[in-house]
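Line by line, the protein sequences are chains P and F. Residue numbering for the first sequence follows the working numbering, starting at 1 and increasing by one per position. Residue numbering for the second sequence follows the working numbering, starting at 1001 and increasing by one per position.
In case anyone wonders, no lab produced these hints; they're calculated from the structure. In this text, a Cβ means the ideal position worked out from N, Cα and C, and glycines have one as well. Take these hints with a grain of salt, some might be off.
Partial pick of chain F residues on the chain P-facing surface, computed with a CB cut under 8 Å [as the list claims (entries may be wrong)]:
1) Glu1097
2) Asp1131
3) Gln1140
4) His1260
5) Lys1262
Label pairs and their calculated CB-CB ranges [what the hints assert, rightly or not]:
6) Thr1078(F) to Pro38(P): 50 to 56 Å
7) Arg1206(F) to Pro51(P): 53 to 59 Å
8) Ala355(P) to Arg1052(F): 56 to 62 Å
Protein chains: 2
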Amino acid sequence: MKYSVLLVVLLLVALTARAQRSPQVHDDGTVTFSFTAPQAEEVLLRGSFIPRKTFKTPAGVFGKDGSYKMQRQGDTWTYTTKPLTSEMYTYYFEVDEQPTLDPLNADTVRDVTTMLNYFFIPGIPGNLYMDQQVAHGRLQYVWYPSSFPGLPRRRMAIYTPPSYDPGRRYPVLYLLHGSGGDETAWPTYGRAAQIMDNMIAQKRCRPMIVVMPNGIADRAAAPGIDPYNHEPASAKNTESMMGKIERAFIPEVVGYVENHYKVDTTKAGRAIAGLSLGGLHTLYISANNPEKFDYVGLFSAQTTNAMTNDRIKTLQRVATNYGKVSSIISIIKGREEEGNATMKGIREGDLQIYADIDQKLKTQFSPAPRLYYIAVGRDDFVKKLNDDLREKLTLAHYPFVYHETDGGHTWENWRKYLVDFLPRLFK
Amino acid sequence: MKYSVLLVVLLLVALTARAQRSPQVHDDGTVTFSFTAPQAEEVLLRGSFIPRKTFKTPAGVFGKDGSYKMQRQGDTWTYTTKPLTSEMYTYYFEVDEQPTLDPLNADTVRDVTTMLNYFFIPGIPGNLYMDQQVAHGRLQYVWYPSSFPGLPRRRMAIYTPPSYDPGRRYPVLYLLHGSGGDETAWPTYGRAAQIMDNMIAQKRCRPMIVVMPNGIADRAAAPGIDPYNHEPASAKNTESMMGKIERAFIPEVVGYVENHYKVDTTKAGRAIAGLSLGGLHTLYISANNPEKFDYVGLFSAQTTNAMTNDRIKTLQRVATNYGKVSSIISIIKGREEEGNATMKGIREGDLQIYADIDQKLKTQFSPAPRLYYIAVGRDDFVKKLNDDLREKLTLAHYPFVYHETDGGHTWENWRKYLVDFLPRLFK
């Protein structure tokens, strides 16, 4: 009888877990959040559906999630929103100023170093981000050889479409993440596999391979699975703006994909797009390799407003200071080697990738790629940089597509940009 | 100059992030945790390295993480452990009774519905769980057709070894998770890809394919990526003990793998192992298919102590009650269909998989498989069930290997069991 007791206990656990559910998405698009915290004095709900508070710094305008006060009902705190438009939203609770996840919701995603809960409001575009009852492609995590000092292998995610036929040649989209992201960013927060499955099922884009490499120069892979950095990840991503990622991209990332998968190796069969830092990488990778990509997408790109040789001088100066500071810190910490490696990396001339951008763009646009796509939100702190880039392209009579949206530097926008970008590819 | 200001800000962020690090693993195996919480009155550290508190219920002995009080130093709370033995450990903070993750550590893993931070103490066995500078296999997430009502496709993870050669036939290990897990459990918390990479590199096991399917009967995939269950996952896994998983295993999971990968399809080329609920599945899948698996591993298996036809009667009775309760609840909730589906599922006769186990074991051991492996911890609440199973096997003179360890029903043990199991396969 012991066993039946166990089953009954499991049953009760199951029923209890079913009764308490958070969040509850109602048919009218309102959402009820519940959180049990008898000792708490104040519980806030913070989420991507709450208007953000913005603040200005010398570096630009930044935002912070807004909050709603949850109402206590006995031991449980609840909040029901107004109807929300269709989306994938993230949220968390703040209990007496302490951020915490929703223990009733196993759906979590990582943003840089922060875990967030998420939920969907069905509809458009939310349905594209949810797994649907359609044919699914495969998501693979693959290691490839790399020339990066100390990182002989790096990791990328590769999506192959449903009914993948290794005998056929597929076009390839290279899809790059932002600062603080890694090769898991587009497959998790970006819902890239779901978007691809759903867009292909709806015949809104061509079946294609999507390659999502790690774009952090001093990391080989996402936190916890990097063979060369066993310490928890930090926000130290400045090296990713020093040209290394761009310079290695064609020989190492594209080279690996084209050697290991049966893909279209013509310019018309290659697309590249990236968000934020990945937009910076996309701009320079495509400009330095004008014969490679017929489709280029900049999503809230961290472009620069000094697209001249002045830029390389600025970077070199900052880089030199960075190297020095880094060296001092490293020596204090007994890590002289690491400091020197940083300086050595910069001395190797990776920054040449940023030189002569005007001339490089001229070559890239002679003839113009089939698509040069720029998307940015009106409230994005990189909006001005993208305005400057558009002005430069317009003055030079280079054709491009511009997609301006509400909102800022958010995954809500980047997912929408991908959905808008995909149908324009490989036509 | 705006850009250089931004870079300097990023630099400061990077240096700050580097200075505050948690946890800090020191060379002597002690670990320092830091957490900033100026408003908190008490911060506890809870983790898998702290002795657990156990409590008894009618269903058995269960445990809860122990805790250490952290010490306040200004706004920051810290705790330094005694030297820890090599392992992958999980932890979290409890701030005035509120569980929270370490904001300085991006390494997180999900246990059922709870997120935990983790870190490694290098050495043996920890080094096997960390990504090392060795050749890496690939981890793929694959959807396969399924006969489960309402779930026409289910998801599995497949590890292919380094230098995978599709022209060669590899042996296959089917590796099953426990109740509350899913197809991501072994690849994340179980560190299966790292263990395989490292064991293969050290020539401690043969290169093999490892297949890790989802074993929850009413779920197609992990939370957030299940096309048929868009609501957050609950703990409702009792259906996974009703025979469905076992009955569909050979035609659907093994069938898919053997049709889509070039694998050894002899009995000597197939192994199956599972932890807890996955051990229950392993026992019955292998017993019902005596010609299929030459290597069988039960890791802390949820076996039963009524391995007779009494068991099926007990299950049937509980199942019937379950169906009734479920129906009542479902009707209250306006989900009559779901309640009926549960009862229908049980009526379909999946439970026959559990019938006549003595006779099935007799067939399975005539002749005996090359390896029948049972591992369990001395403090595990399923220890007694495994004692009973061993007694049964011993009385019948069926050969098996028994591996008893310290500890309980933990991932620390299941990873060790995998490491102990792998060298015994495919020899």
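Against the structure, the hints come out as follows:
1. With a least beta-carbon distance of about 5 Å to chain P, the hint placing glutamate 1097(F) at the interface is held under the 8 Å criterion.
2. With 8 Å as the threshold, the beta carbon of aspartate 1131(F) comes within range of chain P, its nearest partner Cβ sitting at about 4 Å, so the hint holds.
3. The restraint placing glutamine 1140(F) at the interface with chain P holds, with a minimum CB-CB distance near 5 Å, inside the 8 Å limit.
4. With 8 Å as the threshold, the beta carbon of histidine 1260(F) stays out of range of chain P, its nearest partner Cβ sitting at about 10 Å, so the hint is violated.
5. The beta carbon of lysine 1262(F) is not positioned within 8 Å of any beta carbon in chain P (closest approach about 13 Å), and the interface hint is therefore violated.
6. Remark: the range hint 50 to 56 Å for threonine 1078(F) to proline 38(P) is contradicted by a beta-carbon distance near 28 Å.
7. Remark: the range hint 53 to 59 Å for arginine 1206(F) to proline 51(P) is upheld by a beta-carbon distance near 57 Å.
8. A beta carbon spacing of about 60 Å between alanine 355(P) and arginine 1052(F) agrees with the range 56 to 62 Å that was offered as a hint.
Hints 4, 5, 6 from the list above are not met by this structure, while the remaining hints are.
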